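Peer 1: These are the residues of each chain, in order.
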Amino acid sequence: MSVLQVSGLSKSFGGVHAVRNVSFAVVAGELLAMIGPNGAGKSTCFNLINGQLTPDAGRVLLEGRSITGLPPRAIWRLGVGRTFQVTATFASMTVRENVQVALLSHARRLPSPFAQAPRLQVAQADALLAQAGMLDQADRPAAVLAYGDLKRLELAIALANRPRLLLMDEPTAGMACGERAALMRLTASLARASAIAVLFTEHDMDTVFTHADRVIVLAGGERIAEGAPAKVRADPRVREAYLGTEALDA
Amino acid sequence: MRSLLLLALLTASSAFAQPIRIGELNSYKVFPAFLEPYKKGMELAVEEINAAGGVLGRRLELVTRDDGGTPGDAVRVAEELITREKAHLLMGTFASHVGLAVANLANQRKVLFVASEPLTDKIVWENGNRYTFRLRPSTYMQTAMLIPEAAKLKKKRWAIVYPNYEYGQSATASFKRLLKQAQPEVEFVAEQAPPLGKIDAGAVVQALADARPEAIFSSLFAADLQRFVREGNTRGLFKGRAVFNLLAGEPEYLDTLKDETPEGWWVTGYPWSEIRTPAHQKFLAAYQARWKDYPRQGSVVGYAAVHSVANAIRRAGSTDTEKMVEALKGLEMPTPFGPIVWRALDHQSTMGAYVGQLARKGGRGVMVNWRFADGANFLPPFEEIRALRKD
Amino acid sequence: MSATSILLQFLNGLAGASALFLVAAGLSLIFGVTRIVNFAHGSLVMLGMYLAVALSEVVGFWWALPCAALAVAGLGALIESVLLRRLYRAPELLQLLATFALVLIIRDYALWQWGPEDLLGPRAPGMAGAVTIIGQPFPAYDLFLIAVGPAVLGALWLLLTRTRWGTLVRAATQDREMASALGVNQRLQFTSVFALGALLAGLGGALQLPREPATLKVDLAVVSDAFVVVVVGGLGSLPGAFVAALLIAEVKAFCIALGYSKLTLVVEFLIMALVLVLRPWGLMGRMPAPARGPAALEPPLAAPSPRVLAGLCTLLAALALVPLATTGFTLVLLTDMLVFALFAVSLHFISGPAGLHSFGHAAYFGLGAYGAGILALRIGAPMELSLATAPLLAGGGALLFGWFCVRLSGIYLAMLTLAFAQIAWSVAFQWDAVTGGSNGLIGIWPAPWLASKAAYFWLVLALACAAIALLWRALHSPFGYALRAARDSPLRADAIGIDARALQWAAFTVAGLFAGIAGALHAFSKGSISPESMAVARSVDGLVMVLLGGIQTLTGPLWGAALFTWLQDALARGFDYWRAAIGCVILALVLALPGGLGSLGGLLKRQGRA
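Residue numbers (my numbering), protein chains in the order written: chain V, 1 to 250; chain S, 1001 to 1391; chain B, 2001 to 2610.
Excised from the complex, chain V in its bound form (with noise of 0.2 Å):
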């Protein structure tokens, strides 16, 4: 059964189509790269898809249950992690407690006034950051870390709550090269092992084509093709919406 299943989803803001009747499934242990130009509405799919938008019509089904409408706090509750295009990581606070936060949250202990905050979940919040390669900054505070390592934070953060579905808003952007293909690499491994599965979007089309494995193309918030990453790269309507520009063949 696909953990995701997204159909016929539609947004308008004042009369224009930000997302038109958009579906697709993604199933336990796939990355599945969400790819299109500009404005082609990736970043509002990923909006309706977690609650931060409502959408105008269609079903967004999580295992099978509508998650529909619902703000993303509930949504994130049954099992979905996040990371966002411009990152969100709280500033002010240790990478270490960034963590610690999200697990505390999963744990419902958030409300309790009284424990040491500083005591608890370190240890599972260790084990997330050397996952995302992150132990070694786990005392600095997150204003001060480099774009990358924000990136790798957030997704350190995503999984706190053991995700059954990751949405990475452009996890690999202000990368170098070789830590792009680390980040996606540990992605997939971790998809393959907890049976996770992985919507991403992503301008570099090198990282797209290596690492996911199945594409979807939206143009105008409309899906224009859909499938195997060598399917998609071949098909016409995809090069035409990419007219013009090189990412397709970077």
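Quick caveat, the hints were computed from the structure, so don't treat them as lab data.
These figures come from a predicted structure and were not determined experimentally.
Among these hints, one or two may not hold up.
Straight-line Cα separation of at most 25 Å, BS3-like style, residue types lysine-lysine; simulated pairs [what the hints assert, rightly or not]: (1) S/K1390 / S/K1361; (2) S/K1040 / S/K1110; (3) S/K1239 / S/K1086; (4) S/K1176 / B/K2262; (5) S/K1390 / S/K1329; (6) S/K1180 / S/K1152; (7) S/K1292 / S/K1390; (8) B/K2262 / S/K1258; (9) S/K1323 / S/K1110; (10) B/K2217 / B/K2262; (11) S/K1180 / B/K2262; (12) S/K1361 / S/K1323; (13) S/K1180 / S/K1155; (14) B/K2217 / S/K1040; (15) S/K1198 / B/K2262; (16) S/K1110 / S/K1292; (17) B/K2217 / S/K1292.
Derived DEER-like restraints, expressed as beta-carbon distance ranges [as the list claims (entries may be wrong)]: (18) S/R1364 / B/A2455: 33 to 41 Å; (19) B/L2258 / V/S66: 54 to 62 Å; (20) S/G1236 / B/P2150: 54 to 62 Å; (21) B/M2001 / V/H17: 55 to 63 Å; (22) B/A2592 / V/A181: 24 to 32 Å.
Positions of the beta carbon are idealized from the N, C-alpha and C atoms, including for glycine.
Assemble chains S and B onto chain V, guided by the hints.
Peer 2: Leaving out everything else, chains S and B in the frame of chain V:
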């Protein structure tokens, strides 16, 4: 200035024993118009007393503090005066709520408090206590002083305007009650209670005019009064209407009205240039010689307050609090306004005030047709007060 | 009411609105471009009034108005280029603190220059009298004022839409980073905008010449009115400010006309609360563009190190021994310091880690104090019970008000807290039967076993320290983590299951509860409680304490509260210009130690290492 003065006193009178310290606190920054002259009056009295050999052979010393105009700060300052400055008694305060808070502290700490200025009736009645005495005629007394003239006019429709806090509220309540007693058919057709210091004079004057009163009773003072008078003059509110205004004859407030002084208003106040009694002449001469300025109402209050304290200590023969309290009860003494008695019943002095009408003379306001109203004649019967006081 | 009186009262409202609009427009422009909440705006208005009165004797009435306005504009430019320019990179609340220091300094300057008495200016030559409108006299000058408001609005509109300077100002108002990326000369722009804002303030003050006396109390009164207008109208919207000024002035005029003059104390705050609840960005305001990048580069709020803890414990022990050495005034002062330390720490709890800047925290201090007074005096509850129960009233108040407040953020939230505090204050001020009205409640003393200064000091020491420890502990609990998380990134917090609003609501309530403890302790230490204890000035005092100490540090508010209380006592005693002295101390601290007193330790450590 003050330290210089103290220094001069120190060197001049080093033969004295330990000085007697009056811990004085007041809202000098909040109500400067009244309290600057008040301070001068106090200092004049202290100099006079010390020049004549002090009290009980000891020099009198003033320790003044700004109380910030809030009860919380005032209580802290009072504690500081009692404990750090070792003041033998407390004196001062201006606003009702500050006076009441310090009076209450005095009772708690068992320290004598001579409330020189606060006008609230409560400080000697509902909230009166063993250790608190008040010098000035209260809101009730000053309102009562205006009643005979107000009742004489036989005006039926009255409008009232007052600053929205204790003083204005109780002046209004007393006025309505007393006038109703004197003239049962009276009708109060409008009541305006603008916030203290923030009167929206145009709208208030318009609203009062709309009620078409025959007479107006106001307890506005300072900046509110100025604005009220200017708008009222411009909009013709006072034309053909009798107006009564508490305190408006006090030079502190009257002088700021200059050529806009509304003629014919009935007020309480202090016609300093016209009073010819020997007691006042002597005070006036001394004050003008010392300060090169004419006295205001505050000057008289400060002056009389210090003399009251000195007389109480003389009578007590000691600075022991309980003895001073007993000595103040029933103390009779002269003031620039004539002799007063500190009533044993409610610790209120019988100091009076001048009642008269406003007029313009050479571009400034003066009081005319005035008479002195002795405070002793404008107090409610003993039984009424006894019922109010809890001690 | 006759039709004529309705018309005249309407005109009264219009005249009042003009002056209000000028002042608010200046404030709005300055905030829009520089993002500085200029607390000193009312002081500029006050200077305009004093200068106009003084100049009218030299150059005559009509020349005095523009001269005063230009002088204030010059001062504005000076303030911006000498002081504020150094602070644009500092946390925004620090700028607030600096402008507050200016309030203190300018007020004492006016005191020194013009004396403490109110100065009412002359009437306007040529407009001294009244014109007859439907048989009723109406001041001619007021008609002039009525025309000034729309004229200034029109002139500003032309300036902002028809000049390059205006276009750049509008760009900066909408998106400061973008404007600076476009290569706008920010220095010149900020200085000129501040000068224009000051010009409007000065003119707004000067125009009042024949209507309102120049007094030292004008500054805070005017600035709070102006804030209300700006927020009701919508930040950065000049037409909004105009509409809001009109609305507020008319409502006030008709409150008076209909015989509800007592309402004028609070009606503008009622309007503001209503507007903010229904339209969170004001009548004509737009949702602010979200700040980009990390909002604040704050260092992590570290738990106190063992050395700091040991130091605090030593301090606590030393304090506990003080009554053995003296039972004098030192104890009174220390009691005050502890009470205000608790107040400041509770304010820091929400404004620092929770990111909810409150301008009205005194409301909960006051509710606690009044709660104690009402229980002790009106119900006759024993002191111990009153002290224990009173903070619940404060907590209840915070629970109610907080529900509305946490729906907003930034300056809007701050203004809503202010509105609620003013509403609470006016209830305390007017509800004679319960709160004692303007006199407050008198005779709230501790039980006999706590009546001695030493015993009460120990009680305060124990309770304040326990409360502070609890609040600090909470900041390092999962709850505290979540608060900081929600402040740093609402987006991320939401994406990891944090219900930020509920947490902030809880934090607001907790802070109110603890401020209530401070208030109740204060009431029993002074024996009385009056409306001032919940007035704006007390809220501002709290902010100053927190900021003096350093909002980014844990122990900062303690030092801030202690220093402020001590300064106030020490300076007020012997020095007429103690306010200005405090202002100078604050400015010196702001410029030398932007992190507050609490950052001193870290600074010394770094220097020691270097």
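Peer 1: Check the structure against each numbered hint from earlier and tell me which ones fail, lowest number first.
Peer 2: Hints 1, 2, 3, 7, 8, 12, 16, 17, 18, 20 and 22 are the ones this structure does not satisfy, whereas the remaining hints hold.
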